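Undergrad: Sequence:
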Amino acid sequence: MVRYLYISKYTLFGHVPQKDQICVIDGKTRIWTVAENFNWFVINSYAFTDYIFCVDDIAEVEEWDTVGKRLHVLINKALNVNEKLDILFQMKTDIDLNVSVYFDSDINKVVRSIIN
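According to numbering that gives the first Met the number 0, the sequence shown is numbered sequentially starting from 0.
Think of the hints as simulated: they come from the structure by calculation, not from any bench.
Mixed in with the good hints, there may be bad ones.
DSSO-like cross-link-like pairs, simulated, lysine-lysine; straight-line CA separation at most 30 Å [claimed, not checked]:
hint, residue 1, residue 2
1, Lys83, Lys68
2, Lys83, Lys8
3, Lys91, Lys68
4, Lys108, Lys18
5, Lys76, Lys108
6, Lys8, Lys18
7, Lys76, Lys8
Simulated restraints, written as ranges between beta carbons of each label pair [as the list claims (entries may be wrong)]:
hint, residue 1, residue 2, range
8, Arg2, Asp95, 30 to 36 Å
9, Cys22, Asp55, 17 to 23 Å
10, Leu96, Val41, 25 to 31 Å
11, Asn97, Tyr45, 25 to 31 Å
12, Asn79, Asn115, 29 to 35 Å
13, Glu82, Val41, 31 to 37 Å
14, Asn81, Tyr45, 33 to 39 Å
15, Val80, Asp55, 15 to 21 Å
Just so it is clear, the structure is predicted and the values come from calculations on it, not from any experiment.
Think of the CB as a built atom: it goes at the ideal place given N, C-alpha and C, for glycine as much as any other residue.
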């Protein structure tokens, strides 16, 4: 069973992720949300399989322990082609098939495409 954790300061489907608190969006597919990295014991107890990050900078992703997890990284800012290529290289998308990177400002649309 796929268990999604959405990590971001940005609203998702009208829900605002909370700092230091895991919340859930119930729907056809359940998505848990959190605004910032916090207690790893709590995070690990949920056994999330997929992490969905909506960030302005990939440094926000690097502070998470996501080894062996499926990553969906949504970069929520305008970038030129070279900046996009740099991010793809830094995220090792050419060799790590568990990492998907999206360059789009429509968060809800991208997350729907991931969970459906």
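Undergrad: Taking the hints in turn, state whether each one holds.
TA: Checked hints:
| no. | hint | in the structure |
| --- | --- | --- |
| 1 | Lys83 x Lys68 | holds, 22 Å |
| 2 | Lys83 x Lys8 | holds, 21 Å |
| 3 | Lys91 x Lys68 | holds, 14 Å |
| 4 | Lys108 x Lys18 | holds, 23 Å |
| 5 | Lys76 x Lys108 | holds, 15 Å |
| 6 | Lys8 x Lys18 | holds, 8 Å |
| 7 | Lys76 x Lys8 | holds, 14 Å |
| 8 | Arg2 x Asp95: 30 to 36 Å | violated, 20 Å |
| 9 | Cys22 x Asp55: 17 to 23 Å | holds, 21 Å |
| 10 | Leu96 x Val41: 25 to 31 Å | holds, 28 Å |
| 11 | Asn97 x Tyr45: 25 to 31 Å | violated, 18 Å |
| 12 | Asn79 x Asn115: 29 to 35 Å | holds, 30 Å |
| 13 | Glu82 x Val41: 31 to 37 Å | holds, 34 Å |
| 14 | Asn81 x Tyr45: 33 to 39 Å | holds, 37 Å |
| 15 | Val80 x Asp55: 15 to 21 Å | holds, 18 Å |
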